[in-house]
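Visitor: Based on the sequences and whatever the hints tell you, model everything.
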Amino acid sequence: MNDLLSIRGLETVFDTKRGTVKALRSLDLDIHKGETLALVGESGSGKSTLGLSIMRLIESPGRIAEGSIILHATEDVDVTSLKGGKLRRFRWKKVAMVFQSAMNVLNPVMRIEDQFIDALEAHDIDKSEISGRIDHYLKLAGLGPKVRRLYPHELSGGMRQRVNIALALSCEPDLLIADEPTTALDVVVQKEILKSLNTLKKQLGLTIIFITHDISVAASVADRMAIFYAGRIVEIGPKEEVINRPRHPYSKALLSSIITLNTKRGQDLISLKGNPPDLITPIEGCSFHNRCPSARPECLKYKPVESLVSSDHYVECLYPIGE
Amino acid sequence: MFAKSERKVEENVSSSSVSGTDVMRFENVTKIYKSGPIVNYALDDVSFSLRKGETISIVGESGSGKTTLGMAAINLLNYDRGTIYFENMPVKKLNRKQRKKFRAGSQMIFQDPYGSLNPYNSVYDSVVAPLNSFRPDLSRSQKREEVLKMLDKVGLRPAESYIDEFPKKLSGGQRQRVSIARALIMRPELIIADEPTSMLDVSVSSTVMTLLNHLKEEMNFSMLYISHELATARYISERMAVMNLGRIVEIGGSDSIVDHPLHPYTKLLLTSMPDVNNSNSEEMDVTLDFDIYNGGIKGCSFATMCPFVRENCKESRPELNKVEEDHYVACFYPLT
Ligand SMILES: Nc1ncnc2c1ncn2[C@@H]1O[C@H](COP(=O)(O)OP(=O)(O)OP(=O)(O)O)[C@@H](O)[C@H]1O
Ligand SMILES: Nc1ncnc2c1ncn2[C@@H]1O[C@H](COP(=O)(O)OP(=O)(O)OP(=O)(O)O)[C@@H](O)[C@H]1O
Ligand code: SF4
Ligand SMILES: [Mg+2]
Ligand SMILES: [Mg+2]
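Chain order of the listed sequences is R and A. Using the working numbering, read the first sequence as starting at 1 and increasing by one per residue. Using the working numbering, read the second sequence as starting at 1 and increasing by one per residue.
Note that these hints are calculated values from the structure, not bench results. Note that CB positions come from ideal geometry on N, CA and C, so glycine has one too. There could be a bad hint or two in this list.
Straight-line distance between alpha carbons at most 27 Å, and here's what the computed DSS-like set of lysine-lysine pairs gives [unchecked claim]:
1. A/314 x A/267
2. R/146 x R/127
3. A/168 x R/17
4. A/314 x R/264
5. R/273 x A/168
6. R/273 x R/252
7. A/169 x R/273
8. R/17 x A/314
9. R/264 x A/153
10. A/34 x A/267
11. A/153 x R/273
12. R/86 x R/33
13. R/273 x A/149
14. R/195 x A/92
To be clear about the criterion: a stretch of chain A counts as covered by chain R if any three or more of its residues have a C-beta under 8 Å from a C-beta of chain R, and this derived list gives those stretches [as the list claims (entries may be wrong)]:
15. 110-118
16. 194-203
17. 230-236
18. 260-272
Which residues of chain A face chain R? A partial, calculated answer using Cβ under 8 Å [said to hold, decoys possible]:
19. 61
20. 62
21. 170
22. 171
23. 206
24. 275
25. 276
26. 287
Guide: Below is the structure:
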């Protein structure tokens with residue numbers, strides 16, 4: 001497999017008054033070149049933390065405590081040790097991110113066009129090239145040149161989100177991390193944005209990490225899907241596999257709790273009892289055992305390790321479903 | 001004390017099943033927001049009724065007027081034209097005593113479980129509030145008893161261990177349960193739930209939906225369920241009203257609407273839904289036009305985006321017309 005990024009043993013922590021929160025617990029992940037990988041999981045499971053760690057945007061009280069993030073370029077570089085100019089050139093030119101709270105990313109008193117010029121100049125893009133690039137990426141994101149002269153408040157939420165995507169892409173990164181880019185939007189606009197992302201991926205050969213808590217959205221964009229739970233990936237595999245044959249009890253619970261147009265009216269929905277573990281105290285055994293319908297005494301004693309269940313499909317469970 | 005008020009509710013229910021009254025009825029309700037030169041019809045001649053014991057959902061995109069409709073229903077909003085009836089009485093004309101009954105009998109559950117509970121109030125304080133206003137006859141211990149019963153009903157068990165907690169110790173789903181307990185403690189006839197799960201995780205949201213569903217069966221209240229999300233709307237409600245720019249453009253049984261939408265806008269919403277199995281390959285060829293509001297539209301509210309638009313759609317307003325049993329659409333050329 002041709003990988004763009006390899007993450008090994010990544011531990012990102014937050015030092016708080018109560019203690020150290022381990023938001024990522026020794027996480028391993030390979031990102032294939034040209035794929036769309038969807039990260040799903042409940043609130044607080046560490047999805048944004050992973051995106052921000054890759055971007056090296058974790059700020060105090062957070063820090064990357066352990067592990068490596070290897071970018072396979074002409075030669076391999078460990079992103080966790082980049083500094084100064086090298087870090088600046090990596091960020092946005094190699095990896096760009098559309099942020100979860102994107103509504104506030106744009107500068108309210110600057111015309112859209114000037115926000116692009118600022119970003120592109122900061123990355124040493126040739127001045128003669130800038131104007132063409134702005135039009136090009138706005139167009140790819142489904143916006144006309146008219147918006148260049150507008151201020152953020154003159155745009156609707158969906159248009160602003162497209163500007164963010166265009167802005168992130170204008171430095172022509174290899175990897176785009178899109179953190180809940182459509183969560184605040186209506187279905188019609190959402191579909192448009194997902195379509196433009198897909199087009200961009202094809203046209204630019206872009207690799208995308210798509211973070212969302214909405215499994216239906218993940219399913220409609222992803223090639224592979226990774227299920228997050230308590231700071232680790234508990235299942236990862238081709239989208240069809242994970243959706244149709246989930247092997248981790250958490251994935252299964254997550255999938256069966258969603259309401260679709262086919263859910264029978266008034267039918268009881270399957271749902272999880274209890275809460276995810278506290279990330280301050282060390283976790284004994286499997287992190288899901290207290291909520292797991294298939295848990296056995298061993299689950300409290302032994303930590304499950306990642307195992308291959310079918311082609312390119314891995315699960316971290318002592319008793320995967322169907323075995 | 002409480003047995004008495006419960007019996008009263010039951011009487012209402014049984015008498016209604018004889019006469020078939022509506023709990024609430026909107027007649028030509030219009031709400032206009034003006035700011036400078038901008039005139040915005042947030043509700044544009046809205047008429048519909050909510051039957052006793054039924055749940056109707058109000059769906060539509062952001063800005064279509066759903067929350068405005070909910071606020072009008074609970075009398076938290078002054079509208080410009082039209083009449084809203086609560087049990088056949090115009091809400092604006094209720095006398096003091098009737099108004100009190102209306103306020104006790106219609107309760108709201110809000111979208112944001114983090115913003116809608118006062119962080120300095122304990123669970124008890126939040127849930128007991130309506131009793132303090134409407135049942136001064138109850139003693140403190142009777143109220144506490146009633147709050148405990150309600151917490152148990154909404155699944156905060158054991159109730160004793162939640163009653164004195166503060167919101168910051170509760171998860172989003174638990175907070176939303178507290179809001180539901182507060183809304184239900186007066187055994188209201190009408191519940192207005194404005195996107196009650198949109199800020200919750202999928203798995204938490206499904207427990208709250210299951211809970212609402214059980215409670216409406218058990219307590220037999222009527223509900224206006226507001227959501228931009230059609231799947232949960234269909235799950236919880238027997239009927240659905242689709243809003244577009246302040247107007248109801250289609251109303252009918254939830255299954256008929258989902259299975260064969262008649263309005264092109266409804267169809268657009270349905271075909272835009274992401275879906276797990278990716279079976280939703282049908283595309284509608286619309287000209288997207290986002291930044292719009294209803295500034296007093298002469299013709300159809302969907303005419304600028306509609307692929308089936310013809311000249312008369314821009315000139316005159318299509319009214320809600322019955323196309324089949326319990327299914328109405330406001331479109332000159334409904335889908336077949
Ligand atoms: N600045 C911070 N200080 C302390 N803890 C933090 C901080 N940022 C994140 N965390 C903790 O790290 C964990 C992971 O958070 P993260 O934001 O990555 O979750 P997420 O999966 O993106 O959730 P969501 O779906 O809500 O966006 C959580 O337990 C969170 O409380
Ligand atoms: N207080 C207000 N002042 C001025 N305009 C308002 C006010 N409240 C709502 N509006 C406008 O009325 C219209 C309907 O808004 P409303 O909040 O009812 O929409 P909604 O369907 O609930 O949308 P959402 O799904 O985003 O909650 C919008 O155009 C909105 O901008
Ligand atoms: S009335 Fe005309 S414009 Fe409106 S939805 Fe029907 S066909 Fe389209
Ligand atoms: Mg996040
Ligand atoms: Mg609203």
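Visitor: Hints broken by the structure, by number, lowest first?
Guide: Violated: hints 4, 8, 10, 14, 15, 21, 26.
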